[in-house]
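Asker: Here is how the chains run, residue by residue.
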Amino acid sequence: MNINGIRAIYKFEMARTRRTLMQSIASPVLSTSLYFIVFGTAIGSRMGEIDGVGYGAFIIPGLLMLSLLSESISNASFGIFFPKFSGTIYEVLSAPVSPFEIVAGYVGAAATKSLIIGILILATARLFVDYSILHPFWMLAFLLLTALTFSLFGFIIGVWADDFQKLQVIPLMVITPLTFLGGAFYSINMLPEPWQSLTLFNPVVYLISGFRWAFYGVADVNVGLSLGMTLLFMVICLSAVWWIFRTGYRIKQ
Amino acid sequence: MQPIISIKGISKTYASGFTALKSIDLEIRKGEIFALLGPNGAGKTTLISIICGIVNASSGTISADGVDIVHDYRAARSLIGLVPQELTTDAFESVWDTVSFSRGLFGKPADPAYIEKVLRQLSLWDKRRSKMLALSGGMKRRVMIAKALSHEPRILFLDEPTAGVDVELRRDMWEMVRGLRESGVTIILTTHYIEEAEEMADRIGVINRGELILVEDKHALMQKLGQKQLHLHLQTSLETLPATLAHYNLTLSEDGQQLTYTFDAHQETSGIAELLRSLSAQGIDLKDLQSKQSSLEEIFVNLVKGNG
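Protein sequence lines correspond, in order, to chains Z and X.
Going by UniProt numbering, the first residue of the first sequence is number 1, and it counts up by one from there.
Going by UniProt numbering, the first residue of the second sequence is number 1, and it counts up by one from there.
Simulated from the structure, these hints should not be mistaken for lab results.
There may be inaccurate statements among the hints.
Residues from chain Z that keep clear of chain X, each with C-beta distances beyond 12 Å, as calculated [as the list claims (entries may be wrong)]:
1. Y10
2. I37
3. S86
4. F137
5. F164
6. L191
7. V241
8. I251
9. Q253
Below, simulated DSS-like cross-link-like pairs (lysine-lysine); rule was C-alpha separation at most 27 Å, straight line [unchecked claim]:
10. X/K131 <-> Z/K84
11. Z/K11 <-> X/K30
12. Z/K11 <-> X/K108
13. X/K30 <-> X/K224
14. X/K140 <-> X/K127
15. Z/K252 <-> Z/K11
16. X/K131 <-> X/K108
17. Z/K252 <-> X/K22
18. Z/K84 <-> X/K108
19. Z/K11 <-> X/K8
20. Z/K84 <-> X/K140
21. X/K224 <-> Z/K252
22. Z/K252 <-> X/K108
23. X/K140 <-> Z/K252
24. Z/K11 <-> X/K140
25. X/K224 <-> X/K292
26. X/K131 <-> X/K117
27. X/K218 <-> X/K228
28. Z/K11 <-> X/K131
29. Z/K166 <-> Z/K252
The beta carbon of each residue, even a glycine, is placed where N, CA and C say it ideally should be.
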């Protein structure tokens, strides 16, 4: 195992985060704060409780998930896309590092950054609304699992993308709509049929529901199912990454 | 002695259908400077990229110091440093960080003293805190070399090291390469400058259109490349070459209108003056004459034709 190699990639990626502190950390925290002010405090005060939870507190897990998904994807995808774009990838390809070590470095750093942002958002939320965390262990487990899974997904997008537009298209056109429609701001029980049943095909529903359960003990779907779906998506991403390195897809001619 | 790099039957056809290499066999000797000479698009970079693990070969095997570069890639790649042709750098990183990154990536523990030594050797020490984007092209190239040397490789690939580099830096680069060779590093460089190969290499391989046309000791090859030709267009055509001219290296064209004199440009006297006197003594008048050094390109084409 080339530990020094993993550390080099990880450190390189974290240095990139430090260089772009405003853009990488301040901006997601600010935008989430705006959601809290508008939906949590301004509108939320006129909304009734959902499943016995005040509206401001109810949206915290969903908002956190929204940032976590988009940040994980954008960090990890840019991390691998840019060396490909600029040509510096030659060095990683010619180095004695295994695919696992490459992924550990890039995805590990992207997930770390997402976790930092997640924790900062959680701390910021405290300024606007009072909330409790019923199952702290599971909250952290979901946080970690989601950050890792979607950083892996971002890595795949970064390998697939051959221009900047493709880099943006999945987060903007797929992930954001799925998150908004996945119960970030409402309980899916509030939807009329057939939308309620259709929503169950949205994988983000399971993430948000499981995460909310860790906070308040209430969930739209069974928490075991949430965990299972998250793990399933992780396995799918891992398989895709394995295939990428096996075939050299868009990395190695 | 076991070759440090052994290439057997390496070919490469890209997904586009373009065949960049056709079954290359080559052995690089330990401690030598080997120049891979060829025109643009000959396959030099593809061959290097395959050895370094950046491109997959379509067929064939390569071993570095006895280990297979695919199956035992960790051991093989640890031995190899690569300075690519393109100046691809991380614009926002400092010189120190980017060179240290390379060392770590190749699995070596941090060694600030060694990095300092490399940077000083390449006159980069004063620039260690500069960001890459603030450096000139020549400086960037030195950083690329520092990155390649950061993990103490025993084999160094330099892909077109002096392309677009000014004369002074080119001299420095040659000095540095010689210094590395003295420390026991095997160096493989590609170039399309014949003078560079002449200046630096122990052996030269000529590659064209994906084929390795010849591999020869530099001195032997330079003799071939140093030949010049003088074309003499005659006033009246000749049936045969007069016997008195037989000792010159002359050929008569089929229509008898042109004589071609081949001579060595490296020799002190070309023999042209003497030849012209002899022609005049024979009463052979000239319509026109031109002397021509075969360009590298022409030599390649001739070599390829010769190879069928």
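Asker: Starting from the hint list further up, note which numbers the structure goes against and sort them upward.
Answerer: Of the numbered hints given earlier, those the structure breaks are 1, 3, 8, 9, 11, 19 and 21, listed in rising order.
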